[in-house]
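Colleague: Below are the chains, spelled out letter by letter.
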Amino acid sequence: MIWAKEETMSRDEIEALQLERLKETVTRVYKNVAPYRRKMEEAGVKPDDIRTLKDLSILPFVTKQDMRDNYPFGLFAVPKDDLVRIHASSGTTGKPTVVGYTKKDLDVWTECVSRIAAMGGATSKDVAQICFGYGMFTGALGLHFGLENMGAALVPSSTGNTEKQIMYMKDFGTTLLVATPSYALRIGEVANQMGIDPAKDLKVKIGLVGSELLTEAMRTEMHKLWGEDMLVTSNYGMSELMGPGVSGECEHLCGMHVNEDFFIPEIINPKTGEVLPPGEKGELVITCIYKEALPLIRYRTKDVTRLIYEPCKCGRTTVRMENLDGRTDDMLKIRGVNVFPSQIEEVLLGIDEIGPHYEIIVTRKNHSDILEIRVELAQAVDAYRKLEALEKKIKQKLRVVLGLDAKIRLESPNTLQRFEGKAQRVKDLRKEV
Amino acid sequence: MFIKQLSVFIENKEGRLQDVLDVLKQEKVSIISLSLADTSEYGLLRLITSDPQAGQKALKEQGFSAMLTDVLAVKLAHQVGKLQEILSYVCKAGLNVEYMYALSNKDNEASIICKISNGDQAAELLKSNEVELYSQDDIMTIFA
Numbered sequence: 136m137i138w139a140k141e142e143t144m145s146r147d148e149i150e151a152l153q154l155e156r157l158k159e160t161v162t163r164v165y166k167n168v169a170p171y172r173r174k175m176e177e178a179g180v181k182p183d184d185i186r187t188l189k190d191l192s193i194l195p196f197v198t199k200q201d202m203r204d205n206y207p208f209g210l211f212a213v214p215k216d217d218l219v220r221i222h223a224s225s226g227t228t229g230k231p232t233v234v235g236y237t238k239k240d241l242d243v244w245t246e247c248v249s250r251i252a253a254m255g256g257a258t259s260k261d262v263a264q265i266c267f268g269y270g271m272f273t274g275a276l277g278l279h280f281g282l283e284n285m286g287a288a289l290v291p292s293s294t295g296n297t298e299k300q301i302m303y304m305k306d307f308g309t310t311l312l313v314a315t316p317s318y319a320l321r322i323g324e325v326a327n328q329m330g331i332d333p334a335k336d337l338k339v340k341i342g343l344v345g346s347e348l349l350t351e352a353m354r355t356e357m358h359k360l361w362g363e364d365m366l367v368t369s370n371y372g373m374s375e376l377m378g379p380g381v382s383g384e385c386e387h388l389c390g391m392h393v394n395e396d397f398f399i400p401e402i403i404n405p406k407t408g409e410v411l412p413p414g415e416k417g418e419l420v421i422t423c424i425y426k427e428a429l430p431l432i433r434y435r436t437k438d439v440t441r442l443i444y445e446p447c448k449c450g451r452t453t454v455r456m457e458n459l460d461g462r463t464d465d466m467l468k469i470r471g472v473n474v475f476p477s478q479i480e481e482v483l484l485g486i487d488e489i490g491p492h493y494e495i496i497v498t499r500k501n502h503s504d505i506l507e508i509r510v511e512l513a514q515a516v517d518a519y520r521k522l523e524a525l526e527k528k529i530k531q532k533l534r535v536v537l538g539l540d541a542k543i544r545l546e547s548p549n550t551l552q553r554f555e556g557k558a559q560r561v562k563d564l565r566k567e568v
Numbered sequence: 346m347f348i349k350q351l352s353v354f355i356e357n358k359e360g361r362l363q364d365v366l367d368v369l370k371q372e373k374v375s376i377i378s379l380s381l382a383d384t385s386e387y388g389l390l391r392l393i394t395s396d397p398q399a400g401q402k403a404l405k406e407q408g409f410s411a412m413l414t415d416v417l418a419v420k421l422a423h424q425v426g427k428l429q430e431i432l433s434y435v436c437k438a439g440l441n442v443e444y445m446y447a448l449s450n451k452d453n454e455a456s457i458i459c460k461i462s463n464g465d466q467a468a469e470l471l472k473s474n475e476v477e478l479y480s481q482d483d484i485m486t487i488f489a
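So the protein sequences, as listed, match chains Y and X.
Residue numbering for the first sequence follows our numbering, beginning at 136 and increasing consecutively.
Residue numbering for the second sequence follows our numbering, beginning at 346 and increasing consecutively.
Where hints are given, some of them may not hold.
[To be verified] Straight-line distance between alpha carbons at most 25 Å, and here's what the computed BS3-like set of lysine-lysine pairs gives:
1) K402(X) x K521(Y)
2) K500(Y) x K468(Y)
3) K521(Y) x K358(X)
What the hints contain is simulated information worked out from the structure, not anything from laboratory work.
Let's have the full structure, built from the sequences with the hints guiding it.
Modeller: Spelled out as structure tokens, the structure:
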């Protein structure tokens, strides 16, 4: 089901609407947000210089650092009185980034999420269980209001107490699951331990997963646990931009449709900042063109993707962003080689003898990086040569993909850490030199 | 003809062996014989027990990777050259011994546990040479 008529506008119509909203937004932030005005003045740009969508590229970028420098409300374009909600990112390093919403912002957000839920197959008949942690994190409340707006029956079970989550799923007849991919795996695993087969004994047929990368291997793993007929889609967003609702996959699973009447995506070369032609891969930059409280302009997401402008079989005409490879700041540089943890995940999840959980540890010894990967045995083994053969197989597959040798550590089932929110599977223990 | 060996994967970490033994103790599973080699990262603990099925179930529930393996329990006279004699049958038939450890020294016999590459063929071969093999029941009654 296509939720809004804006999702099927012609390219000309979309672009006309984007230009109008972009001009309005730039004029407003120039007037109301001092740090923006300073940045634009430094770049020698005035709001009137924006005449076409291409002119977007003359505007300065905004980064997470700008948000920290202006903590908490320095980049807001409305008086504090107009705010009706404030969220913040976890902020593992330094101050958290703070985001705010006006009443109208919340309505737009809800609209965006309803669209994404519809792309992922949700309808008013669904019983939707939200297993994202509620709180300052935008994921849970974003999905909550979007799905409720759609008419689905909400089960705001949050994270934790996994056995009880499964009991709700069984007793309430939950049909739609919202979770990080790693928590969805964990729930399935605990269900199995309770003697419940999620594919047969539960009615969950839709998985809206997010807040963490969904690799194709992880999607396959989800199907193994939750059933082949489950529609598992990923969706994209970040609190700085709004929360979930920027883009989402439809049933054709060929990239995530961007809500282009609210966001303009660009792809840049992360080193030079230069805008790349359509179809090329680079860092995603997003401009919010229909937000009141925090309309970030040219926000550098650090996510790596490419944009696909061809219309989709589903009937939507909005641009799609390819599912992510990873974030530029998740990328590890090991012995000079760029490694995305998602590449390692794809390899590991393709090997049946080991489970879907893993941990990547990078250390430094004698001026050389050491990549070590901990995995769990999924099948019992009774001979050393089988263990050695398994280690060798994992090593070889990793070498083909990464061009690097890794040390493999086989461990017993259930020894690695499990996650209810965003998984943290990488430990980079190298000291800064 | 075969007996069930309990094979458990354990990381080479402090306390892991004890964890396995704790589980078996809780289940009142008695250990008749075992083998464990020194390796750097992990080891396979091989056990002959009074109740391999119960042991495996309990270990799996506690998150261990445990399985049952068919092995031969060979009865030997406690005499010089007896083991050599048995191995000569195996070698002549072109079979390989994957691993072997002592089961028990009792009265005048020194029985062993062995895993041979082609188990069925090895069992037939030994029987045809009048070598005695213990059954699972024997293990329970004689040794447990």
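Colleague: A separate judgement is required for each hint: does it hold in the structure or not?
Modeller: Each hint, compared with the structure:
| no. | hint | result |
| --- | --- | --- |
| 1 | K402(X) x K521(Y) | holds (22 Å) |
| 2 | K500(Y) x K468(Y) | holds (15 Å) |
| 3 | K521(Y) x K358(X) | holds (21 Å) |
In summary, this structure violates none of the numbered hints.
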